[in-house]
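Line order of the protein sequences matches chains A and B. According to this note's numbering, the residues represented by the first sequence are 1 to 698, in order. According to this note's numbering, the residues represented by the second sequence are 1 to 157, in order.
If you're looking for bench data, these hints aren't it; they were derived computationally from the structure. The C-beta atom is built at its ideal place from N, Cα and C for all residues, glycine as well. Mixed in with the good hints there might be a few duds.
Said to hold, decoys possible - Sample of chain A residues facing chain B (criterion: CB under 10 Å; computed from the structure):
(1) R217
(2) A562
(3) S566
(4) M621
(5) Q647
(6) H655
To be verified - Covered stretches of chain B (chain A as the covering partner; in silico rule of three or more C-beta atoms under 8 Å from a C-beta of chain A):
(7) 5-19
(8) 27-38
(9) 93-106
(10) 125-136
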Amino acid sequence: MIANVGYGALVITLLTALYGIGAALYGALRGRPRWVDSARNAMLLTFPLLTISALSITALLVANAFEVSYVQAVTSRSMPTYLRITALWGGQPGSLVFWSWLMALFATAVTLRDWRRDREFLPWVIVVSLVTLAFFLILSIGFENPFQRYWATPSGAVITAMFQPQGTTLFVPPDGRGLNPLLRHPGMIIHPPMLYLGFVSLVIPYAFAMAALVTGRTDDRWLRLTRRWTLWAWVFLSLGLILGGRWAYDVLGWGGYWGWDPVEVAALLPWLTATPFLHSAMIQEKRGIFKHWNMLLVILTFEVMIWATFLTRSGVLSSVHAFAQSAIGPLFFAFIIITTVLSLGLLIKRWPELKSEGELRSLLSRESLFLINNLLFIAILIVCIWGVFFPIFTEAAGVIGQIFPGVAHIFTGQKVTVGPIFYESATGPLWAALLFLMGIAPLSAWGSSTARTLGRAVWKPALVATLALGAVFVVAGVRNGVALLALWLCMFVTAVTLYEFYRAAMARSRAHGMNMLVALWQLAGRNRRRYGGYIIHLGVVLMAVGIIGIELFQTETQASLALGESVTLGRYTARYDSLAEFDTNDNRNVARAVITLFKDGVPVGELYPRRDYFYESEQPMTIPGVRSSIEDDFYILLINWQPISTQTATFKLYHNPLVNWLWFGAAIFLLGTFVAAWPEKEPDAVIETRARRAAVQA
Amino acid sequence: MNKFMIGGIILLAGVVFLIVTSTVAGAQYFYTVDELIERGAEAVGTPARISGAVIGETIEYDLATLTLNFEIAHMPADSQLLNDEGGLALALYQAVNDPSRTRLRVEYVGPLPDLLQNEAQAIMTGRLGEDGIFYADELLLKCPTRYEEAAPEQTGN
């Protein structure tokens, strides 16, 4: 019953969306505002309809309705209720409905805004949003239906179908397969929705950009309207990526946070286009240049986002994440190709109207440095796409070898993959260059800037960074060249950014005769985008310090210990005190060791590394014991033990210097995005009215 | 405008250089067990990525040195082939229970992975040694029966 309601709601949503597309097109092309209003109502209807569908899945999940194949695939009786609710995005069919539901939510929020000044955009924003939504609904209804049920045929076979096939009876399995224990982690529970929020939120700027191209209203109105959407999309994407890293660090038990797994890289791709877009959009608003480039970037971001949804869900990439394999790949490809061709066609049509209002004059001007920033991000994007698709390229290149036997030894068609080494060595210098730009760009002038003026601004922070680096060299004894260079860049950016805050707060406190701190607070309130951006930069620097720490200075060891024995790693000593094995009431067997940790011979606490064995899924899960401090993490894993005597046990130990700077930096980073995205005190309508009034008076 | 052209060309050249050198440094040949054995001496020592079905009874773990030894059986790498065989779970089952499949001994030093078990798919990067053992630096495991791919027919029983 509930399944039929949910499925019916999906079908009605699709019909509503198709009607909305038709009505909006008709209304826009024939100039019939009432049809556009009707399309708007259709758009508003999709959200409650999809809410019914999503709630139906949730109800089935909570009610243990194992006759529904999706419920059976992702839940089991022993799972707590909150995990059953979040199983909505635990598998592909549910994820797609969840995606559509979020999409409808965002589209509704956009539709409800005040459209009086942008009436001509409305039908086209509706068309783009609903076409995207309809695409995902077709996937859900036709290929990945979460409401399919099991039916037993008279011969005893069990088949899946939405509606009862002739002569069958409903089949209810006694229990479900449950969620992989590795995924039962708070980070993993909120990581997919965050990425999805980021993904769907990117549809909005794309929809406005397309509306601008169709209507020919190609000034930067579309950019101003969608700036905040892009920023929120970016916050969610960043948060999703960070939570994924935290999950890997806590759960996967190798003391790492990012493995350049193809699916991880795929999730990074939209972030790599959204970040330069945020930067270059500011240049267009300020100087009226980069108009073509911004259009290209917003189209690229949309396509890459759809692509990332596909890559993470299709199983074309052999990876730990590819739990889901299905036949929807060709449909994604068709959608991407069609939307790319249409978008580029529109862009070419409007190309002459998007002429720049100014030009780049100096290589060291602020706008040139922003352009270089954009190109570096795109370079990283190319590196990542190259890496993700290299196995597919090399396999396909076998065709070249067959056609031209002369080069057959090069193009053998043998599948070749590239590992983390490739990504690290290819993107490392590009990230470093971005850090450097982050340092000098705030000091460069708009319009024209010479090496001399820039040098005059740069030398002081550069000197501060060099002195600080000297301290690191002498006091901390760091001798690694790569680390020294990277740390110098971090300190340089920090010096520049703090100096920018200081200079502006100082000027403000002098001019208004106020306290420095008050001036600083008001500063962030006046120019949120700029100072929010600087806070984000500081967060990135802190994250970079954490990454330098764990990547270049991680140490590890392992030991088999008898009770009372110790192992030493750096300044830490771990003493193995006891081990207990017990069953829990949620169907786990837990082996838990007690470790007393000493730092420089002083006891600093107890750690409890453990191994949980899940009876139901017959799978163990290793949970590290971690002692975190601002300085480092001490991370210990229980590898094995003697089950009967519990006398000896084997441990693996990691020392991860500075890793918490990564998580702390992430928090600062998010704080900065909130500052930047928070509405300004004066909405731009007020500013424009005032400007108009001033113009009249003049 | 010239200085922008020169700057752009330098940047482009740098990126191409980075991609080419990193690809050479990071490339790993993707082999099935059969392909690796076929190449014989030629494959010894070159970085490779290999996938196969874990044979449960061959798993040995030395606690003192954290050295893991097990055998994998040949399985087709192509996802299309896997679909023809009826899904990854079935392909793994067939690979493990077919004595005529080529087998390869693997050695890996590190913590015993949680997912290592009979009929898991092991995806490894490493090098083939002269002794015919594959020395893995990295070990990824997939157990399809635990997740979505299992055919509903199997669940019914």
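Establish whether the coverage given for the segment 125-136 of chain B by chain A is satisfied; the threshold is a Cβ-Cβ distance below 8 Å, and no fewer than three residues must meet it. violated (count 1)
Do the numbers back the hint for M621 of chain A, that is, is its least Cβ distance to chain B under 10 Å? OK, holds: M621 of chain A within 10 Å of chain B, min 6 Å.
Coverage of the segment 27-38 of chain B by chain A (three or more Cβ within 8 Å): holds (count 6)
Coverage of the segment 5-19 of chain B by chain A, judged on three or more residues with CB within 8 Å: holds (count 7)
Status of the A562 of chain A interface restraint (C-beta, 10 Å, chain B): Not OK, violated: A562 of chain A not within 10 Å of chain B, min 12 Å.
Are there at least three residues in the segment 93-106 of chain B whose beta carbon sits under 8 Å from a beta carbon of chain A? violated (count 0)
May I ask you to test the interface hint for S566 of chain A with respect to chain B, counting a Cβ-Cβ separation under 10 Å as satisfied? Violated - the Cβ of S566 of chain A stays beyond 10 Å from chain B, reaching only about 17 Å at its closest.
R217 of chain A was flagged as interface toward chain B. Is the shortest Cβ-Cβ separation under 10 Å? Interface hint status for R217 of chain A: violated (30 Å vs cutoff 10 Å).
For the hint on H655 of chain A, does the least C-beta distance to chain B fall short of 10 Å? violated (16 Å)
Chain B contact restraint on Q647 of chain A - CB to CB distance below 10 Å: Where the cut-off is 10 Å and the nearest Cβ of chain B is about 12 Å from Q647 of chain A, the hint is violated.
Consistency with the previously given hints fails for numbers 1, 2, 3, 5, 6, 9 and 10, ordered from lowest to highest.
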